[in-house]
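Undergrad: Just so you know, the sequences run in chain order A and B.
Heads up, the final residue of the first sequence is numbered 183 in my numbering, and it's a clean run with no missing numbers.
Heads up, the final residue of the second sequence is numbered 292 in my numbering, and it's a clean run with no missing numbers.
A few of these clues could be false.
Unchecked claim - Once the Cα atoms are required to be at most 25 Å apart in a straight line, the calculated BS3-like pairs of lysine-lysine come out as:
1. K96(B) x K32(A)
2. K149(B) x K10(A)
3. K58(B) x K32(A)
4. K10(A) x K58(B)
5. K95(B) x K44(A)
6. K44(A) x K114(B)
7. K112(B) x K10(A)
8. K32(A) x K114(B)
9. K147(B) x K167(B)
10. K50(B) x K32(A)
11. K238(B) x K10(A)
12. K32(A) x K194(B)
As the list claims (entries may be wrong) - If you want the ones that stay clear, here's a sample from chain B, every Cβ over 12 Å from chain A, calculated:
13. M56
14. E69
15. Q71
16. G103
17. N130
18. N146
19. S234
As the list claims (entries may be wrong) - Not the full set, but computed from the structure, chain A residues with beta-carbon under 8 Å of chain B:
20. P9
21. A13
22. F18
23. L26
24. F30
25. H33
26. Q35
27. M37
28. Y50
29. P54
The set of hints was computed from the structure by calculation and includes no laboratory data.
Values in this document were obtained by computation on a predicted structure and should not be read as measured data.
Quick reminder that beta carbons are idealized off the backbone N, C-alpha and C, glycines included.
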Amino acid sequence: MEARQSEYPKPSACRNLFGPVNHEELNREFQKHLQEMEEAYQRKWNFDFYNHRPLEGRYEWQAVEKGSLPDFYFRPPRLRKAVCKSAGRQSLDVNGNCQTVVFVGSQGISEDTQCVAQKTDVSGNQTDLAEQCTGQRKRPAADDSSPQNKRANTTEEEVSEDSPSASSVEQTPKKSSPRRHQT
Amino acid sequence: MEHQLLCCEVETIRRAYLDANLLNDRVLQTMLKAEETCSPSVSYFKCVQKEILPYMRKIVATWMLEVCEEQKCEEEVFPLAMNYLDRFLSFEPLKKSRLQLLGATCMFVASKMKETIPLTAEKLCIYTDNSIRPDELLQMELLLVNKLKWNLAAMTPHDFIEHFLTKMPLAEDTKQIIRKHAQTFVALCATDIKFISNPPSMIAAGSVVAAVQGLHLGNTNTFLSYQCLTHFLSQVIKCDPDCLRACQEQIESLLESSLRQAQQHSASSETKTVEDEADLSCTPTDVRDVNI
Numbered sequence: 001m002e003a004r005q006s007e008y009p010k011p012s013a014c015r016n017l018f019g020p021v022n023h024e025e026l027n028r029e030f031q032k033h034l035q036e037m038e039e040a041y042q043r044k045w046n047f048d049f050y051n052h053r054p055l056e057g058r059y060e061w062q063a064v065e066k067g068s069l070p071d072f073y074f075r076p077p078r079l080r081k082a083v084c085k086s087a088g089r090q091s092l093d094v095n096g097n098c099q100t101v102v103f104v105g106s107q108g109i110s111e112d113t114q115c116v117a118q119k120t121d122v123s124g125n126q127t128d129l130a131e132q133c134t135g136q137r138k139r140p141a142a143d144d145s146s147p148q149n150k151r152a153n154t155t156e157e158e159v160s161e162d163s164p165s166a167s168s169v170e171q172t173p174k175k176s177s178p179r180r181h182q183t
Numbered sequence: 001m002e003h004q005l006l007c008c009e010v011e012t013i014r015r016a017y018l019d020a021n022l023l024n025d026r027v028l029q030t031m032l033k034a035e036e037t038c039s040p041s042v043s044y045f046k047c048v049q050k051e052i053l054p055y056m057r058k059i060v061a062t063w064m065l066e067v068c069e070e071q072k073c074e075e076e077v078f079p080l081a082m083n084y085l086d087r088f089l090s091f092e093p094l095k096k097s098r099l100q101l102l103g104a105t106c107m108f109v110a111s112k113m114k115e116t117i118p119l120t121a122e123k124l125c126i127y128t129d130n131s132i133r134p135d136e137l138l139q140m141e142l143l144l145v146n147k148l149k150w151n152l153a154a155m156t157p158h159d160f161i162e163h164f165l166t167k168m169p170l171a172e173d174t175k176q177i178i179r180k181h182a183q184t185f186v187a188l189c190a191t192d193i194k195f196i197s198n199p200p201s202m203i204a205a206g207s208v209v210a211a212v213q214g215l216h217l218g219n220t221n222t223f224l225s226y227q228c229l230t231h232f233l234s235q236v237i238k239c240d241p242d243c244l245r246a247c248q249e250q251i252e253s254l255l256e257s258s259l260r261q262a263q264q265h266s267a268s269s270e271t272k273t274v275e276d277e278a279d280l281s282c283t284p285t286d287v288r289d290v291n292i
């Protein structure tokens, strides 16, 4: 896969197939979709992700002590330390995927661990939860391995070129795992 | 013929060994059930989409294949990305101008699913001639995975090909050549809307039969004779042998028409001496090459 890193897209394959994209309109619609998603998840988990508050509903949310969580949930992603050292939080926010974090998982989860809530399961929802859990367990595992490989296989500037997407990948599991893994 | 397309020894990619425990019959049965849950709607052009027409799918698919080839993606990335694309379009009307964004996003996610070092958002945006931005791609990713309900581990024909080959009493080098050719057919099928109604197992079986036929392997090996092989594979995937034959013939005619198109296109290109259409034995890699 080293070849991939050094291979720059050939001009022939770089083409716009169906004309210009209206970015403003696109972004407006994304906002709409994201809002819909957020509302759907709010209903599903009876949790106000935006204000980080439990709501009335079938799940009962409980706060847990910060110390009782594995440090996985609040330590910063590895790549931020390694590559984006100086860039910090702000550059990560530019990553787009962090907007994901903002929308679905509400703000600043890593700093906010004392608010992390635990829900007691309602037996009828087990399939839901199982779905969520398997989906997410996969990702941290992948995250562990991919940055390493990347470093092993690539040169310095390639790492930095790749880091935005890599760090955003790593960012993803943090957004909701604190809650969903608790059951 | 391009030799580097067949030569797997020079790769530096680290892969896990095939796990024999994942190639047993129990897993195959589960896969045959699972493929139904991740199949797109056959009629989404009629029922869901207003702007997007079948020929546009072909355009975006051809571009996606070209990108996957150029970036040396794992073979499964392209068919998996097409599965995502079709499933998204099965329930979400989309503007024509966003089809390429969707295609890029599908490759982005499929690559993450299947590759050690996935394609980056930045690179994919360059491939769209910067008509989309990385942050848009990431937003689209979120939308895509939500619409697909996070069911991203869809079956691809490649998964089935491995099972078939495991069950076939053949030498490893024969398997390898069948695998290569069949994978080429699979990619070709993924670009064509006619095959959207066929489950991955059927595409896989049809591709293997077409590969064996094209390579004329049935002449020397009775197991690979047409009758015997179609009977065997139709039992493995539990379908009617006639359906399998129909699928295989459809694949062959798709190959033929692609070759004809390619011939017209590559009249100027010096290296492409596309053989007689009937001689499929060394054409698949060519087709793939020319088709992109």
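Undergrad: Against this structure, judge whether each hint is valid.
TA: Verification of the supplied hints:
1. K96(B) x K32(A): holds (19 Å)
2. K149(B) x K10(A): Roughly 34 Å separates the two Cα atoms, so the pair is violated.
3. K58(B) x K32(A): violated (29 Å)
4. K10(A) x K58(B): holds (21 Å)
5. K95(B) x K44(A): violated (29 Å)
6. K44(A) x K114(B): Violated, at roughly 30 Å.
7. K112(B) x K10(A): Distance of about 22 Å is within 25 Å: holds.
8. K32(A) x K114(B): violated (30 Å)
9. K147(B) x K167(B): It is violated: about 36 Å lies between the C-alpha atoms, which goes past 25 Å.
10. K50(B) x K32(A): It holds: about 20 Å lies between the C-alpha atoms, which stays within 25 Å.
11. K238(B) x K10(A): violated (43 Å)
12. K32(A) x K194(B): With a Cα-Cα distance of about 34 Å, the restraint between K32(A) and K194(B) is violated, given a limit of 25 Å.
13. M56: violated (7 Å)
14. E69: Label violated. Min Cβ-Cβ 9 Å, cutoff 12 Å.
15. Q71: Given that some Cβ of chain A is not farther than 12 Å from that of Q71(B), nearest at about 5 Å, it is violated.
16. G103: Violated: least Cβ distance 8 Å, not greater than 12 Å.
17. N130: violated (8 Å)
18. N146: About 6 Å separates N146(B) from the closest Cβ of chain A, which leaves it inside 12 Å; violated.
19. S234: holds (33 Å)
20. P9: holds (5 Å)
21. A13: holds (5 Å)
22. F18: holds (5 Å)
23. L26: With a closest approach of 6 Å, the L26(A) hint holds.
24. F30: At about 4 Å, which falls below the 8 Å cut-off, the nearest Cβ of chain B leaves the hint on F30(A) intact, so it holds.
25. H33: With Cβ-Cβ at 5 Å, under 8 Å, it holds.
26. Q35: Cβ of Q35(A) sits 12 Å from chain B, so the hint is violated.
27. M37: Interface hint status for M37(A): holds (6 Å vs cutoff 8 Å).
28. Y50: Violated - the Cβ of Y50(A) stays beyond 8 Å from chain B, reaching only about 16 Å at its closest.
29. P54: This hint is violated: P54(A) lies away from chain B, its Cβ roughly 22 Å from the closest one there, beyond 8 Å.
Hints 2, 3, 5, 6, 8, 9, 11, 12, 13, 14, 15, 16, 17, 18, 26, 28, 29 from the list above are not met by this structure, while the remaining hints are.
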